[in-house]
Every structure is written in C-alpha cells, then in structure tokens.
Amino acid sequence: MKIINESSFPVNTLGTPTSTCTVRVPGVCGELVQGLSKNHPFLVACPIDFFSRVTVEIYEQSGFIISREGFYKSAEAVKKTSDYLERNDISARVIIQNPMPRGKGFGSSSADITGCIASTSIALGNPLTPLEISKIAVDIEPTDPVMFPGIALLDYKQGKVSEELGSAPPMEIIAFDFGGSVDTVLFNQVDRSSIWESIMPDTEKALQLVRTGIAQGDPKLIAQGATISALASQKISSKQYMEDVLQFSKSVGGLGICVGHSGTIIGVLLDGKAKIGKHVFRQARSYFPQTEEIYHFRVIDGGIRIV
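The numbers in my numbering rise by one with no breaks, and the one at position 292 of the sequence shown is 289.
Careful, some of the hints might be misleading.
[Unchecked claim] Label pairs and their in silico Cβ distance ranges: (1) N9 x K217: 51 to 61 Å; (2) K217 x D46: 20 to 30 Å; (3) Q213 x V182: 33 to 43 Å; (4) S195 x R302: 37 to 47 Å; (5) Q155 x E83: 21 to 31 Å; (6) I291 x K217: 19 to 29 Å; (7) G147 x V182: 20 to 30 Å.
Keep in mind that the hints were calculated from the coordinates and are not lab data. Note that the Cβ used here is the ideal one computed from N, Cα and C, for glycine as well.
Make a model of the complete structure from these sequences and hints.
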C-alpha cells in the first residue's frame, strides 16, 4: 500500500467511506518510572487528560493510505495494521487532531500511532487488544503504553514485557515546559545502556514504590517513586530547572515530580483530593516567569476511547 500526502491527492474523489472509526487516545506527562529491569528497557507512563483524536476512513479501492504531511508514522501504523489483519484490499484516509507539542515528553506520536492502529482495526471489524496494538506500535518507534487501561508498564522498544499496574488514584499535575525539544527516535538510537545500568538500584526502588502506590491508591507513594526516577534520570538527560521545580513542589504542598526521561517536560504531582491544582497553577506562573508554557492536567487511566 502506498502512502500519499493529502495535499497532492484529490480527496473529494474518494466518495463515501465503507466504514470509519474515531478514537481518542491520551498523551502522557512523561513517565512515572523509566529504566532497566531484568535487562529489558521499560517505562511506566503517566497518562493525562490531553488527547489525540484520530479518525480512519476505509474505502473500497485498494492500494493507498492518505495522510497529512508530517504524519508518515501514523500512516505507517495504518499500513502495518492492515497487513497484520491481511486486509490489503482497501485504502484508507487518516485524519488526526492533536494539540500536544512534539518532542516534549507528552507522547504525542505514541497517541497518534496507537489511535491509528486501534481505529483501523475497529473500522475493519476486527478490534485489536492493547497487547496487539503495542506490538505493532513498537515496530514503528519506541512507544508509551497508552493503549493499555489504567497505568501500565511496557518494554517501549520491543514490547516483550507489558503489565497493567492498576487504575490511577486522583492526582493532578502542574507541568512546566522550559523550552527545547527532543527527537525521541534519535534519542533512543544512542546506546546509554551503561548509564541505565548504573541507576538500576534507583529504578528498582522507584518502580516498587509506584507499584505499591497504584495498588494501594496512594498518590504519595507514586510521587515518591516518580521523584526518585526523575532525579536519577539527570544522568540520562539533564534538565536545568529540575531542582528548582522540586523545591517549588515542596513549597506548595506538592508530592514530588515526574519528568519526560527522553523529553523536556517536568511536572509537579499533586494529591487530587486536596483540590489545590488551580491555586498551584497560579503560583507557578509567577514563580517561573521564564517558562514557555505551564499546563494543568489530571492523571487519568490510559486506554482507547471510541468516539
């Protein structure tokens, strides 16, 4: 199947699609934990209420996939899904609405790719499981486990290890973008295995705290684990303002921080039951005037939402 740029294709000649599906997939505010476990790279995503909306339209004529410029990987996800389902007798059009900035640690591309795989399989009448979706996704690029319900752990490079840890307790995040961006694909092509190995004791402690926190519905334990992993990640990708954000978190009653280990975003984790998010957001704007953007999110369960 050939991937075609929408700008060079007369879309109005397509006619009416035989089937269509629209889904919403959450982004992430970095990771609660990332590192090595039993020689496998893994991450525990931090899904948030920041969504990519993906529509896939299926057409009878075979041979092509139409997408906007800059969304080649999303079109590739549709192609790989149709190959997996042995449905190369169709064509498809991909429509994506995604407000997430790229290269920050929001998992923007993961949400797009996951949405394309899910909506293609549903439109073709054969919905795939989260595990099947993750296997296709990691074949395209390192992927956040946003296809799984709740909070999940995934071998983000090969998909060999996956685990659903449970539902997210009520938590809010004040997230800071101090500028810059990271190409996740290029970042993961660099061999940092020796550094990841050097921080394994911190990673294991962080993972245990996050596991226990999710199991017990305890935001404090989750934040403790996320903070340990965030601080250890300075050896992987240093963030200039991390200590400042951590001190701010302590001063406003935050529980700790989370980061995009291969991104730029830094988040202050708050107990959702305390309902202090709006107040802390206002404080953050005056405390860090140098930020490019400050966001206020809720931590939510991952998974695909059919629209």
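Each hint, compared with the structure:
1. N9 x K217: 51 to 61 Å: Once the Cβ atoms are compared, 56 Å apart, the range 51 to 61 Å for K217 and N9 holds.
2. K217 x D46: 20 to 30 Å: 21 Å, holds
3. Q213 x V182: 33 to 43 Å: 36 Å, holds
4. S195 x R302: 37 to 47 Å: Taking Cβ atoms as reference, S195 and R302 lie about 39 Å apart, which means the hint holds.
5. Q155 x E83: 21 to 31 Å: Since Q155 and E83 have Cβ atoms about 23 Å apart, the given range 21 to 31 Å holds.
6. I291 x K217: 19 to 29 Å: 23 Å, holds
7. G147 x V182: 20 to 30 Å: 27 Å, holds
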